[in-house]
Amino acid sequence: MAENHTDHEHIGIPGYLAVFAILIVGTWITYVVAFWDLDSIFPGANTLLALAIAFTKMTVVMLYFMHVRWSKELIWLSAVASFFWLLIMFAFTMQDYFTRVSGVFSA
Amino acid sequence: MSTHADAHDHHHHEPGLQHQFENMGQQEESVSIGMWMFLVQEIMFFGGLFTAYMVYRWRYPMAFAEGSNHLDAFWGGLNTVVLIVSSLTMALTVYYAQKGMRNMQVLMIVLTMLFGTVFLGVKVVEYTDKYNSGLIPVAGWNKKSTGAEVAEKAQAFAFPWEIKTEAADAGHGEKKPYINPRGDFQWNYGHKLVEQAEKGGYLTADEKIHYYSDGRFDPFKFQEKVRMFYFIYFVMTGLHALHMIVGLGIMAWLLWKAWLGTFSALYYSPVEMSGLYWHFVDIVWIFLFPLLYLLGRHFIH
Amino acid sequence: MQTDSWIPLFPESASSFSWQVDALYFYLIAISVAFMIPIVAAIFWFIVRYREREKFATPEEIHGSIVLETVWSIIPFIISMTIFLGGAVVYYTQYRPPDDAMQVYVVGKQWMWKIQHETGQREINQLHVPVNTKVKLTMTTEDVLHDFSIPAFRTKADVVPGRYTYLWFEATKPGTYHLFCAEYCGLNHSGMIGSVVVLEQDDFERWLQGNASNQTPVEQGRDLFENKLGCASCHAAGSGQRGAALENIYGKEVKFVGGGSAIVDDEYLRNSILNPSSQVVEGYQPIMPTFKGQVTEEQLIALVAYIKSLSGVDASAAAPSAPAAPAPAPANNMGSNSNQGGR
Amino acid sequence: MQNADAFNPSLMREPKDSYLTNGYSIKSWLLTKDHKRIALMYLISISVFFFMGGLYAAAIRLELLTPGSDLLQSATYNKAFTQHGILMIFFFLIPSIPATLGNFLLPLMIGAKDLALPRINLLSLYLYWIGGILTLYALMQGGVDTGWTFYTPYSTTFSNSYVMAVGLGIFINGFSSILTGLNFIVTIHTMRAPGMTWFRLPLFVWAHYATSLVMILGTPVVAITILLLAIERVVRVGIFDPAIGGDPILFQHLFWFYSHPAVYIMILPGMGVISEVISNFSRKKIFGYEFIAFSSIAIAVFGFLVWGHHMFVSGQSIYAGLVFSFLTMVVAVPSAIKVFNWTATMYKGSISYDTPMLYAIGFLGLFLVGGLTGLFLGSVGLTVHLTDTYFVVAHFHYVMVGGQVIAYLAGIHYWWPKMTGKMYSEFWGKVSAMLVFVGFNLTFFPQFILGYQGMPRRYASYPAEFQVLNVFSTAGASVLGVGLVMPVVYLTHSIFAGKPAGDNPWMLPGLEWRCQSPPTTFNFEEQPVVTWEAYEFGEENGLDIEEARRSAGRPVTV
Ligand code: HEA
Ligand code: HEA
Ligand code: CUA
Ligand SMILES: [Cu+2]
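Protein chains in written order, with the working numbering: chain A, 852 to 958; chain B, 12 to 312; chain C, 112 to 454; chain D, 55 to 612.
Extracted from the complex, chain A is given alone in its bound form:
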């Protein structure tokens, strides 16, 4: 922001291209891996891997394309907090579904 007026460069064109390369490779890996049966290693492995790659991609986009790396703590905080809140929503909704069968209300 204001203080950063001088350091416009951030990572420069080579940097941006590198991030781009990571994204493309990430996409390619996701695509290929989706056809392997990793679930035989442990159930959900496919999902886990796909999401892990997606998270990595998101992180580099946020850090470099969205310049979070050079931003104030507040921006960091809001980025992290929003995912934390998503997590709350997912976790507390799913805790109901995961435990329903064993409960008395079971379907």
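In short, the hints are calculated from the structure, not lab data. Just so you know, these numbers come straight off a predicted model, no measurement behind them. Worth double-checking, as some hints may not be accurate.
Here are the in silico distance ranges between beta carbons for each label pair [as the list claims (entries may be wrong)]:
1. F121/C / R603/D: 51 to 57 angstroms
2. S891/A / E229/C: 33 to 39 angstroms
3. R603/D / V182/C: 52 to 58 angstroms
4. G272/B / R920/A: 26 to 32 angstroms
5. W183/D / A276/B: 15 to 21 angstroms
6. I177/C / G592/D: 20 to 26 angstroms
7. F941/A / T407/C: 57 to 63 angstroms
8. V365/C / V876/A: 41 to 47 angstroms
9. K366/C / M194/D: 53 to 59 angstroms
10. E344/D / V200/C: 55 to 61 angstroms
11. V182/C / T546/D: 55 to 61 angstroms
12. D124/D / D314/C: 34 to 40 angstroms
13. A276/B / F253/D: 55 to 61 angstroms
14. T546/D / F155/C: 30 to 36 angstroms
Derived, one-sided and incomplete: chain D residues facing chain C with beta-carbon distance under 8 angstroms [what the hints assert, rightly or not]:
15. N132
16. M218
17. F345
18. V367
19. I391
20. V434
21. Q507
22. M561
23. C569
No more than 30 angstroms apart at the CA atoms, straight line, and that leaves these computed lysine-lysine pairs for DSBU-like [claimed, not checked]:
24. K553/D / K166/C
25. K166/C / K219/B
26. K923/A / K110/B
27. K366/C / K155/B
28. K268/B / K476/D
29. K923/A / K134/B
30. K245/C / K220/C
31. K166/C / K402/D
32. K219/B / K363/C
33. K134/B / K110/B
34. K339/C / K366/C
35. K219/B / K225/C
36. K203/B / K339/C
37. K203/B / K363/C
38. K339/C / K219/B
39. K166/C / K484/D
40. K553/D / K923/A
Just so it is clear, CB atoms sit at the ideal spot from N, CA and C, and this is done for glycine as well.
We have chain A already, so just place chains B, C and D with the ligands on it with the hints.
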């Protein structure tokens, strides 16, 4: 400290400084925090959909895998790449705006818009294919076909899953003749996964309840779960596409501003903010692609 | 329902665990009073004692006190944990049906409660149960959410379309108690009320005799088939039928116009009634109207049982265990216009 | 930090030149970016919605006078309470304090010329209007009958009322709320005057910061939920429909994910007002400033973890019920901390009995009852009996009407001289405060008893044995209604005939009292520099108390 400008008088010493601020730094910081708060809001907005996706994918993994297998991973992948490229050009737009390089800025904005449009174009192709194949979950919104083309095959009254099509395996979106006089949702690609899953004992108890009637696999019930997948698919990608369209609008405005040479090393925050928005939309797709198009592929291959 | 309690305005308490709920209630009232009295007293004391004596006075500053803050955070926290634990214990009793309970099936429907006993008796908006006996309700609904609520027993539970929920109680006093629908369900929500009648064991036995189910599902099905729904106008036995012959079709294979065939089973029969045109039997016109939305799940069960009986399949064996409730399959077909045939 | 403003001729106006006189045309109001004008327009709009909601309440109470459904048929009654709930919650209570007092005072309190994003502020007002008009249109067409909670599948497949239009209205209104919250957060971060550190902020500002967090993190979820509901209704397929394997309870999860935190949108600003009023009218620094400030944030954050306590009997798992019950107890603690600190603040103060203070004391008592009965409802075993009865109705009216509405009235009276430059009639103010307090208790206390007796809510007719208490309740509502109409009359009257209030009628140190009443368009002639802590009443902070006593240009209290 800069001179304060009166509201009635728009000649600022610094370009674009609004009356309520003391200086440019304060304004830029405000705008940037505001934008991030907006993005937080957007994340929660899509979050509701992801929650729904999660619940039902957990409940009906096989139906979701089936549904996802009939999205076209090629087009989806292509679109991912297209969007990533547009993100790159967007990032470069900001870069050139900061450098005050008008021409490169304009070029990058045009490229970004171009890729954005390509993305939407591909979506149109995909949606059309769903329309033609009877995969839009809303009754009456699919292509209506009396099935004259296949009448001779005497399948006019067959159950949909009995219509043999090769498309289930080929899966590259060529049109397959089918009968759908009222344009209903028509899942006619069989239920291979369930057959396999039945053998392998994969099905969860919950799935059994929801796919089975009287202990036997019930294609009707299965079809409805697949339909649910397509509902979620259309809402998620539809909202995403809506965001793309809004994004294109913003980019058009930006293009005009950049053309006029508004942005410089001193004043580029509109470019930066539009960039944040564009990247956000990209990030949503980064998740949509594997979740909708890819998960469950390995069951078949 | 009112009340032999010595506390004024206190509702009848008539189930094995209702005293627990009441105890918890009084515990909470005690806590509330214990907090209200000092706080309100302090407020009154302060506003009187420290009332403004001089306009715009500037009293001495007091900044705060960590000790006090800690004390008044920890004490409420501990107390609130006791409230939670109390609630948890009672909840556990309320929502854990015992295994040895008498079974009753409940189906909610806009705007009535349909109840069927294990022994076949049916009731509407009334539930007769014996005193001092554990009763377990297995409940669902044909349309929207409802809630089976018996205030005197201090328990209730929502009924949810497409799945079963459960409720149990053990009534401790004979009498008649309110039964309410406590989840908003549309127009006549406040009319969806009834009563729970708790009888002495003997009276209950007598009641069972008196109300012995005089119609088995098959009989009920015949009644529907011949009179109420008019199926017989097309399907009556004999020649010249417009509708397909239904005698002895159960378990057989039928062929469809345009190819394809199916084995006739419960699900097929059910589907033929709900979606006749999805599978038109060879040799007939697709003229049978759909009965979707016109027959209830119960009636479907009865119809299927009757049609099976035409093939000599004994449906009555299954009758008692066929609950009034529909199969776990979603009971509500109105909600979806999903086209099941999709031809 | 002297600022060029002081030398800006356009700001060196006659004292009577205020934001109210800066342009009289309709356009100067509709296109204004001035937070104070926007706040006033909000004030008028929410009052309209409040009285419409109140009329529905009157209809409800009249119908419940007798056991049968004689005045209103079920169909009408169902619409009455639904529309009462929707208007009151979405169009009155949620914007009540933030959009009026918050909008007006935040910039004044932190020493800014305006909110950081004035155009966004105006946009939020317009969204509020569009949403409101759409809703009113739907009500005119025939209304909705789903209850304000819109539970599926009734709302998606069974109700044939105007769910779509109202849903859309609420959806749009949601974005108004989001934008307000966004604006506040930005403003509090970037627009504070020099010297106004975080811990010198008035607690009103802290409360609004916490509220804004909830608005931003929660509201979008209800927006998407209502969107899904609307889509499902239109295209007749969706994810909540049990007929195709959807789960109606998922709707409840998503709905309450927002709507529980939303009840804190509905109380935190009120708590902010009460912190101000109690401290200022006891002329004593607030007790435990940091604890009140952080408890607001704690309420906002932990408020997101307890939504399942609205679903104890809905068919969610037993385990989830226990978890949510546990967390509900945890969120009650920060509220307790606040109550204790408020009480302690009055100790050794110099307490005046002006109308705002009377309202604030009323708030303490009523919120206490409302909050404590919240604990009844949070205790899962007890809720199984109490849920969906009048006990719940009484609980939430105690916290919403007894809490927020009364805090709102306290705030309106407290800042009325600042907003209009006029003093209202203290006499009538006190009468109204008394009437509201008495009427309120008479209306809603009997409902606790009714609830424990088992009278279900949303009932147009009820068994005859519940009648006596219902008659009390209706009688109380009439008193309450009169009490609530009175402020409208004497406040309006004061605009035209009230005594001029002066810039600082209560002799308080806050920044908002250090600018002109009513303030000029840019609030401060020169940018203020803050050198004092919040709530310091001494003369050394530039308050000329002696002079004020001498002139005593205001009615002297008891
Ligand atoms: C302003 C709005 C508001 C506020 C602030 C609250 C505050 C609280 N509410 Fe309320 N609530 C509603 C509005 C509100 N509620 C509404 C609208 C509904 C019904 C919705 C519908 O179904 O239509 C509802 C319903 C509702 C339910 C569901 C009832 C049901 O339908 O079955 C529950 C259950 O737990 C609950 C609990 C609580 C609790 C624990 C608090 C706590 O935050 C209260 C904390 C305060 C205190 C505890 C008082 C001060 C403390 C002390 C003096 C010290 C003593 C304290 C301890 C020992 C811990 N509320
Ligand atoms: C901000 C929120 C808010 C406010 C302020 C109020 C205010 C009031 N409410 Fe309401 N209420 C809700 C939110 C609110 N309510 C909600 C969310 C529900 C649940 C809806 C649902 O179930 O979906 C509900 C439900 C509800 C019910 C339960 C209906 C049912 O379940 O069947 C009742 C019954 O007594 C009631 C009564 C009242 C009364 C008497 C007032 C009074 O405080 C109102 C006083 C105001 C006036 C009376 C208007 C001003 C006066 C005049 C215009 C003069 C003319 C009138 C007279 C002289 C009488 N409300
Ligand atoms: Cu059924 Cu309310
Ligand atoms: Cu709540």
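Hints, one by one, checked against the model:
1. The hinted range of 51 to 57 angstroms is satisfied by F121/C and R603/D, whose Cβ atoms lie roughly 56 angstroms apart.
2. Between S891/A and E229/C the CB atoms are about 46 angstroms apart, so this pair departs from the stated range of 33 to 39 angstroms.
3. With their beta carbons about 39 angstroms apart, R603/D and V182/C fall outside the hinted range of 52 to 58 angstroms.
4. Remark: the range hint 26 to 32 angstroms for G272/B to R920/A is upheld by a beta-carbon distance near 29 angstroms.
5. Distance hint for W183/D and A276/B: a CB-CB separation of about 40 angstroms, inconsistent with the stated range 15 to 21 angstroms.
6. Our hint of 20 to 26 angstroms for I177/C and G592/D holds, since their Cβ atoms are close to 24 angstroms apart.
7. For F941/A and T407/C, the Cβ-Cβ distance of about 38 angstroms falls outside the hinted range of 57 to 63 angstroms, so the restraint is violated.
8. In this structure the supplied range 41 to 47 angstroms is violated for V365/C paired with V876/A, their Cβ-Cβ distance being about 57 angstroms.
9. Hint check: K366/C to M194/D, Cβ distance near 57 angstroms, so the stated range 53 to 59 angstroms holds.
10. For the pair E344/D and V200/C, the supplied restraint of 55 to 61 angstroms is violated, since their beta-carbon distance comes to about 37 angstroms.
11. At roughly 47 angstroms, the beta carbons of V182/C and T546/D sit outside the given window of 55 to 61 angstroms.
12. A beta carbon spacing of about 37 angstroms between D124/D and D314/C agrees with the range 34 to 40 angstroms that was offered as a hint.
13. Taking the beta carbon of each, A276/B and F253/D are about 37 angstroms apart, not inside 55 to 61 angstroms as hinted.
14. For T546/D paired with F155/C, a C-beta distance near 33 angstroms keeps the hint of 30 to 36 angstroms intact.
15. Given hint, N132/D at the interface with chain C, holds; its Cβ is 7 angstroms from that chain's nearest Cβ, closer than 8 angstroms.
16. Annotation: M218/D was flagged as interfacial toward chain C, and the flag is violated, the nearest CB pair being 16 angstroms apart, outside 8 angstroms.
17. A cut of 8 angstroms between beta carbons decides the hint on F345/D: the least distance to chain C is about 5 angstroms, and the hint holds.
18. Against a cut-off of 8 angstroms between C-beta atoms, the interface hint on V367/D holds, since the closest Cβ of chain C lies about 5 angstroms away.
19. Hint status for I391/D relative to chain C: holds, with the closest Cβ pair at about 6 angstroms, below 8 angstroms.
20. Annotation: interface hint on V434/D holds; nearest CB of chain C at approximately 4 angstroms, less than 8 angstroms.
21. With its C-beta approaching chain C no nearer than about 4 angstroms, Q507/D sits inside the 8 angstroms limit, and its interface hint holds.
22. The closest approach between the C-beta of M561/D and any C-beta of chain C is roughly 5 angstroms, which is under the 8 angstroms cut-off, so the hint is satisfied.
23. Below 8 angstroms, beta-carbon pairs count as interface contacts, and C569/D has none with chain C, the closest being about 19 angstroms; its hint is therefore violated.
24. Only pairs whose Cα atoms come within 30 angstroms are accepted, and K553/D paired with K166/C is accepted, the gap being roughly 19 angstroms.
25. Simply put, K166/C and K219/B have alpha-carbon atoms about 77 angstroms apart, too far for the 30 angstroms limit, and the pair is violated.
26. A distance of roughly 22 angstroms separates the Cα atoms of K923/A and K110/B; the hinted pair therefore holds under the 30 angstroms criterion.
27. Distance check on the hinted pair: K366/C and K155/B sit about 26 angstroms apart at the alpha-carbon level, within 30 angstroms; holds.
28. Taking the CA atoms of K268/B and K476/D, the gap is near 47 angstroms; set against the 30 angstroms cutoff, the hint is violated.
29. With a CA separation close to 37 angstroms, the supplied pair K923/A and K134/B exceeds the 30 angstroms bound.
30. The straight-line distance between the Cα atoms of K245/C and K220/C is roughly 25 angstroms, inside the 30 angstroms bound, and the hint therefore holds.
31. Simply put, K166/C and K402/D have alpha-carbon atoms about 15 angstroms apart, close enough for the 30 angstroms limit, and the pair holds.
32. Proposed proximity of K219/B and K363/C is supported: the alpha carbons are some 26 angstroms apart, at most 30 angstroms.
33. Taking the CA atoms of K134/B and K110/B, the gap is about 35 angstroms. The hint is violated against a cut of 30 angstroms.
34. As the CA atoms of K339/C and K366/C are separated by approximately 29 angstroms, the hinted pair is consistent with the 30 angstroms bound.
35. For the hint pairing K219/B with K225/C, the CA-to-CA distance comes to about 28 angstroms; that is within 30 angstroms, so the pair holds.
36. At most 30 angstroms may separate the alpha-carbon atoms for a hinted pair to count; K203/B and K339/C exceed this at roughly 42 angstroms.
37. This hinted pair checks out: K203/B and K363/C have alpha carbons roughly 27 angstroms apart, not beyond 30 angstroms.
38. Our distance criterion of 30 angstroms between C-alpha atoms is broken by K339/C and K219/B, whose separation comes to about 35 angstroms.
39. Proximity of K166/C to K484/D is assessed by CA-CA distance (about 19 angstroms); at most 30 angstroms being required, the pair is judged to hold.
40. Restraint check for K553/D and K923/A: the C-alpha separation of about 49 angstroms exceeds 30 angstroms, so the hint is violated.
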